[in-house]
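> The chain contents come next:
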Amino acid sequence: MDKNICKKIIENKKQFIPYLFTQKQINVIEKYMNKEILTNTEKVYLYSTIKKKVEALSLVREEFYVNGQIIPERIKEAKQILREINKEKAFISGSFLYKKDYNDIDIYIISKKRKSYYKNKLHFTCITEKDLKNPIFISALKYSIANFSINITPEIKRPELNDLIITYEMAINEVFNKEDLKALRGLIFEYHLHLKKEILDSLTLFKKVEEISLKKDKERIKEINLFAKELFLNLYSKTYSYNYFTSFLKTLKEDLKTEPYKNYFVYIDLFNEVKNECRRAQT
Amino acid sequence: MNVEELKHNIKKIFGNEIIFNKEFDNYAAKIKNIENYLIEWCTKLKSGQFVPLRPPKLINSRIFIKKIGSANRCIVIKMVNEEFKEIHLADHNYYDQKMKELGLKKSSKTY
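Line by line, the protein sequences are chains A and B. Per my numbering: the first sequence = residues 1 to 283. Per my numbering: the second sequence = residues 1 to 111.
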């Protein structure tokens, strides 16, 4: 139930009694808001009559925040979707807001549990209040139609080196396998987050990836290598990186001997470069 | 093409030893024109046109991923210097779970 609406009802209860709520109903709302234990009768009362009235009132509230330059028709559509789903805290982001042709509509709902599911073209992602501090969700929120304002302090965590290596390898594979550059998106995001100290909004991020996707494969690989190299060299200590890449390269060269896939050569070149720069920096 | 036909054609490409995940039939029936996506991709995969990922938690295997629309994924697992072993077809949640098992995705859920 929308707690902001409940709070307002309690604060202005004189105006609501007896026209919209009875005194008894207000008492139950107060108990619910104070997290007091409700009797079974009160619970039935709360979830049958009161909840429906509060939901109806939240429809009247109509507070929307338009974050970023969005296709005007899509603003209307997005607001209508938010009205229909009628959640206390929700926002719509992604390609639906900036592309004429889009695959799905990304709807984020702040809830108690994490969940992700599709309903036709609607892609629902339920995240917790804590998840909202994750820069990836702030990026989505920075370019969105939301029913709440952006006032969130991000929780920025440095990625583990092995996770960053996987993202890099995936980005290289996407080029060789002619796939969408999804991992590259992650790499660019991390680069700006940690090295430029900025959270890119989803449209800016899309444009940066698109710019690279228009280049030839060789150029794409060069760009991916540049982003990855900067991250590898600047996020971790030189000694740690040197030791990690020394042992990582040993395994990788063994893998190359057994099955020489062409992506391994690209990995080896970059990891050697990083390792050597780390060694030089140490001496 | 029905699901059994599709599986038969995949076996023709990868061999009879290939194992399908439990959800394969369900998703193969649900995804429109799945044969158009899968057969061509599997044929190219078999002929060595794609490069793999090396899963940290399954060091003797190689992983190939195919995006099918925005919601579904196909993962093929091949043993090093051996044949293709498993084919998994399912939605994004299954894919995330499988990638975590293989050590290719962080354990905390990041969408």
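Worth flagging that the hints you see were computed from the coordinates, not collected in a lab. A hint or two may mislead.
Unchecked claim - The calculated lysine-lysine pairs, modelled on DSS-like cross-linking and capped at a C-alpha distance of 25 Å, are:
#1 K46/B / K257/A
#2 K216/A / K30/B
#3 K130/A / K106/B
#4 K105/B / K157/A
#5 K78/B / K262/A
#6 K67/B / K207/A
#7 K106/B / K133/A
#8 K207/A / K66/B
#9 K121/A / K85/B
#10 K262/A / K66/B
#11 K100/B / K133/A
#12 K262/A / K182/A
#13 K182/A / K105/B
#14 K51/A / K35/A
#15 K78/B / K253/A
#16 K22/B / K178/A
#17 K78/B / K257/A
#18 K105/B / K133/A
#19 K85/B / K253/A
#20 K67/B / K250/A
#21 K250/A / K99/A
#22 K32/B / K257/A
#23 K57/B / K157/A
> Each hint: holds or not?
A quick look at each hint next to the structure:
Of the supplied pair hints, the one linking K46/B and K257/A holds, its CA atoms being roughly 20 Å apart against a limit of 25 Å. Of the pairs offered as hints, the one joining K216/A and K30/B is violated, with about 36 Å between alpha carbons and a cut-off of 25 Å exceeded. With a C-alpha separation of about 18 Å, the suggested pair K130/A and K106/B falls inside the 25 Å cut-off, and the hint holds. Straight-line distance between C-alpha atoms of K105/B and K157/A comes to about 16 Å, which keeps the hinted pair within the 25 Å bound.
Taking the CA atoms of K78/B and K262/A, the gap is about 17 Å. The hint holds against a cut of 25 Å. Taking the CA atoms of K67/B and K207/A, the gap is about 21 Å. The hint holds against a cut of 25 Å. Under the criterion of a C-alpha separation no larger than 25 Å, the hint pairing K106/B with K133/A is consistent with the structure, at around 18 Å. This hinted pair checks out: K207/A and K66/B have alpha carbons roughly 24 Å apart, not beyond 25 Å.
The hinted pair formed by K121/A and K85/B fails the criterion: a straight-line CA distance of about 34 Å is larger than 25 Å. Simply put, K262/A and K66/B have alpha-carbon atoms about 19 Å apart, close enough for the 25 Å limit, and the pair holds. Under the criterion of a C-alpha separation no larger than 25 Å, the hint pairing K100/B with K133/A is consistent with the structure, at around 23 Å. Distance check on the hinted pair: K262/A and K182/A sit about 20 Å apart at the alpha-carbon level, within 25 Å; holds.
With a C-alpha separation of about 14 Å, the suggested pair K182/A and K105/B falls inside the 25 Å cut-off, and the hint holds. For the suggested pair K51/A and K35/A, the alpha carbons sit about 16 Å apart, so the restraint of at most 25 Å is met. Of the pairs offered as hints, the one joining K78/B and K253/A holds, with about 19 Å between alpha carbons and a cut-off of 25 Å not exceeded. Distance hint between K22/B and K178/A is unfulfilled; the C-alpha atoms sit about 29 Å from each other, more than 25 Å.
In summary, the hint linking K78/B to K257/A is supported, as the alpha carbons are separated by about 17 Å, within the 25 Å threshold. Simply put, K105/B and K133/A have alpha-carbon atoms about 20 Å apart, close enough for the 25 Å limit, and the pair holds. Note on K85/B and K253/A: the hinted pairing holds, with a Cα-Cα distance of about 24 Å set against a maximum of 25 Å. The straight-line distance between the Cα atoms of K67/B and K250/A is roughly 31 Å, outside the 25 Å bound, and the hint therefore fails.
For the proposed pair K250/A and K99/A, the alpha carbon gap of about 45 Å is over 25 Å, so the pair is violated. Distance check on the hinted pair: K32/B and K257/A sit about 40 Å apart at the alpha-carbon level, beyond 25 Å; violated. For the proposed pair K57/B and K157/A, the alpha carbon gap of about 24 Å is at most 25 Å, so the pair holds.
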